[in-house]
Amino acid sequence: MSLNRNTPPKIYSVDGVEYIEPKCHKLSNGVELFTMKSGDQEVVKLDFMFKAGSWYAKSRLDSMMAALMLQEGTETLNASQIANTFDFYGAQFSSNSSYDNNYVTLVALNKYLPELLPLVSDILRNASFPESEFEILRQKRKQKALVDAERVGLVAQRGFLRNLFGEGHPYAPVASPDTYDTLLLSEVKQHYRNFYRSDNMSIIASGFIDSEVIDLIATNFSQSWGDKASAASKDSYRLPKAKKSITIEKEGANQNAIAIGKLFPKQDHPDFPGLKLLCTILGGYFGSRLMTNIREEKGYTYGIQASPISFQQEGVLLIFAEVKMDKTSEAIKEVFYEMDRLTKELITEQELIPIQNYLLGRILEDFDGPFARAQTFASLREVDLDFEYYTKLIETFKTMKPQQIRALAKKYLKPASMITVIAGTNQQ
Amino acid sequence: MIAFEKITLSNGLRVIVHVDRSTPFVAVNVCYHVGAKNESPSRTGFAHLFEHLTFGGTKHIRDFDTPTQNVGGSNNAFTTNDITNYYITVPANNIETALWLESDRMVGPKFTKKGLDVQRNVVIEEFRQRNLNRPYGDTWHLLRDLAYKVHPYRWPTIGLTPQHIEEATMEEVKEFFFHHYAPNNAVLVISGNIDADKAFLLAEKWFSDIPQREIKSHLIVQEPLQTEDRELTVQRAVPIDCFYVAWHMGSRLDPDYYAADLLSDILSGGNSSRIEEKLVKGEKLFTEADIFLSGENDPGLFIANGKLNEGVDYNLGREKIVAEAMKTTETLVSAKELEKVKNKIEAEQVFNEIGYLEKAMQLASFEILGDVDLINTQLDHYRAVTADQIRLVAEKILRPGNKNTLNYLSLTK
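Protein sequences appear in the order of chains R and H.
In this text, residue positions in the first sequence follow the working numbering: the first is 735, and each later residue adds one.
In this text, residue positions in the second sequence follow the working numbering: the first is 5, and each later residue adds one.
The reader is advised that the hints may include incorrect statements.
Label-pair distances were calculated between CB atoms; the ranges are [to be verified]: (1) H:Thr390 - R:Met1059: 49 to 59 angstroms; (2) H:Ile6 - R:Lys977: 36 to 46 angstroms; (3) H:Asp121 - R:Met1059: 13 to 23 angstroms; (4) H:Arg134 - R:Thr1133: 34 to 44 angstroms; (5) R:Ser958 - H:Arg403: 53 to 63 angstroms; (6) R:Leu737 - H:Lys10: 16 to 26 angstroms.
Just a few of them, taken from the derived set where beta-carbon distance is under 10 angstroms, the chain H residues facing chain R [claimed, not checked]: (7) Lys63; (8) Arg132; (9) Leu378.
No wet-lab data here; the hints were simulated from the structure.
The beta carbon of each residue, even a glycine, is placed where N, CA and C say it ideally should be.
Turn these sequences into a full structure, and let the hints steer you where they fit.
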C-alpha cells in the first residue's frame, strides 16, 4: 500500500456541542442542587458553591483563611478525626477560595458517601476555627507568601492587578507577607458565619448520580443554617488612575517578568466572545502571534500568553511572559507591535480558519465528561450566565469576519491604553 | 479495570487501543523509550531539547500545529529521565489527521539550522525560568548530583547546565533521532471514541511503512551500592531553610516498590499521615513536610523534605523527620493505617480511570516499563502488602550508609 504523506487527510469540522443541561432539584431549605449524570465509574464529585470570595470579605485574606480553616475542626470533631475519615475512605476534600465565589469540593467513591456526607455537612455547619490550627495555618501561608515574593512572575502579575485596581480593592493581591501577621481569628470566623450559610449556597453534583446519591444529599443538606442576611452589601469601588509603567526591582533576577494589559469587558459583555477570538489570535494558543514572534522567531522567552480574565465585577486583559533580561525592552516593543498590527492589518483566512477550528475544539473539551461539564456550568454560574453563552460563542467563532476583528482591535487594543509592569532588573 | 488490546506491527511498533465511548475525542499518544538517562554526560538536556525540535515541522508537513488546530485538536509532549511522550487529541472523526502527523514525526522531523538556533534559546529560557530564576529551582540539580555518582539520573531532564544545550550540533540531533525515534523503540496508544478494529487498521496504514532501525543500545551504568552517608550544604537567596534527605530504593518493577509506596503514604500521604499529625501540626516543626518516591523506572529515591517553621532549630527539625521514618524499621504499622493507605490507592485508581488521555499515557508508560498489564494488576500488588513487608522495606531503604542529605539554607541578608 503506497501512502501519500504530502496530502492531509480529510478534515471534519466541529459542528456543534452536545449540551446536557443539568437537572435542577430544590432541597426543602431552598438550596438548588444541580445534577449531571454521566460515566461508568462509581465516582461522584460534589461542589458546594458559596458567594464568599474576597469580594465579600472585610479584609482581603479573611475569605481564603476561612476556606482553609473549614476542615480544621468542628464542634464535635478535631482536625485529626476529620482528616482520618477522609483519608480512610480515599476521598479528596478541598476548600478553595477565589475572588468571587468559594468552593468546597468532595470527590469520592459512591460506596462511601453514607459515611462522608454527614462529615461534610458538619464541616459546613459547625466549623469551630480552633486557635492553634489557625496559628499553624497563618505561619504556613506567610512562609508561602515569602517564597512567592521571590518569584518575579508572581510579583509582576500581582503588581499589575494592584496597579489596575488600587491597593485596597478586593481583587488586588496583598502587597506584603506581613499582612498575615495582622489577621484576626475572630474576623475570619465571622466571614464564615456571614457567608457559609445554606441560603448562600448551591450544590453541583456530577459523575455517577442516581436516586440514592440525590437522597443522600437531601438527607444531609436540607437543614437551614447560618444567620440570615448578615452580609454587608458591597459598594462598587472607584478604580484609580493606573500608572502607565512600573518597575518592581528584584535583586539577582535571571529573567524579567512583564505584565501588560488593561481593564477589559467581562464575560457577560456582548463584545466578549469576539474578544476571546481576538486574544487567541494575539496570544491564546501555541501558534499565536506573540508566541510565533517572541518565542519561535526570536527565542526571547519560554512562553507568552494573552488572556481575557473575567471576574464577577471587572474584566482584565493580561499579557504575560518571563523574558531574557537583556531583551526585555525588545520583547515589550514586540508585544505592542503585535497589538498595533491587529488594529491595522486584516487577518487572512489562512490564519483565521485554524484558530476558529481550534477554539471550537476547546469548546468541545469544556463539555467532555461529567466533571468538565460541571466545571463549565459552575464557571458560567459565577457570572450569571448559562449554556446559552456557548451558543453565542460558537456562532461568533464561526461567523466573525476579519473586518470585525480589526474593528474590535481598534476599540480595545490601542497600545496607548495599556499599562506595563516589569518585575526584575530594569536595564532600559 | 481498563480494557485494552495490543498488537505489534511488523516493524516492531507496539500498538495499544483502549475504547472509551464517554468522550467525543480520541487521543493518539506516541511514547519513545528515550529520556535524559540516554544522554551522554557532556550533552545533558539533549532529549528534552530534541522534543522541542520535533515540533518545527517534519519531512512532509511544514507546520505541525496548524493541521492540529484545523481539526479542533491540541498537541503537546513531555520528556522525563526515562521517556519522551507526544500526544495529540482530536474530535474522534479527525483521527487520521493525528495519525498522519505523529507518523510523520517518526518518519523524520525536518531539522533546520534556524529551528535549532531558536529552540536552543527557548530551552535556555525555560532553564532560566524554571531553575535559575525561581527560589529553590536548583534543588533537583543538587540532590540528584549528590545521590547519584554514575547513573544518568544524576542530572535532571533540563540538563546539567545551559552550556550543554548551547553546544548541541546538527549532527548530534540527526544521530539522536536515527537511533532512538524508531518504530521498534516506541509504543503507540490510541484511546477514546473509536472501534478497536478501525484503530488497528489505521495504525497499520500510517505506521507500518516506517522502517525498523538499529537502536543504539548504550548501556546505562547502574549506581553501585552506597555505603557511606553523604551531606551537602548550600546557601541561597531564599527566605526559608529547607532540607532534602534521599535514600536509594529499588526500581519501579522491584516487588518492594508497592510496600515502599505505601510506606511513604503512611508517613506523609494526606492530612492524617504521621508526619503531618505529629511534626507539622503537633510539634509545629515545619510549615510543609513530605515523604515521597521519585518514581522512576530504574532504581530511584525515597525522599523526605521539609521547610522549617520560624524559630525551629534546623538540625533538630531535620533529625525529627528522619527519626519518624526510622521508627517504621522497628515497629509494625497498624492494620488500620495500612487499610487506610490501601483504600486511598484504590480510590485514586478509580479516579484515574476517568479521562481518555490520562489512560493512554498510563498504558504507554506501563508498556515501556515492560508490563502493560500492571495498569490493572498493580492494585492487587498493593492490596497484598503486609505490615511485615513494610517494616522490612523500611529497614532496607533506611539502612545506615544509604542516606544523602541536602541542607538548603537561607542566606542571612
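>> Which constraints among the numbered hints does this structure fail? Numbers only, ascending.
In response: 2, 9
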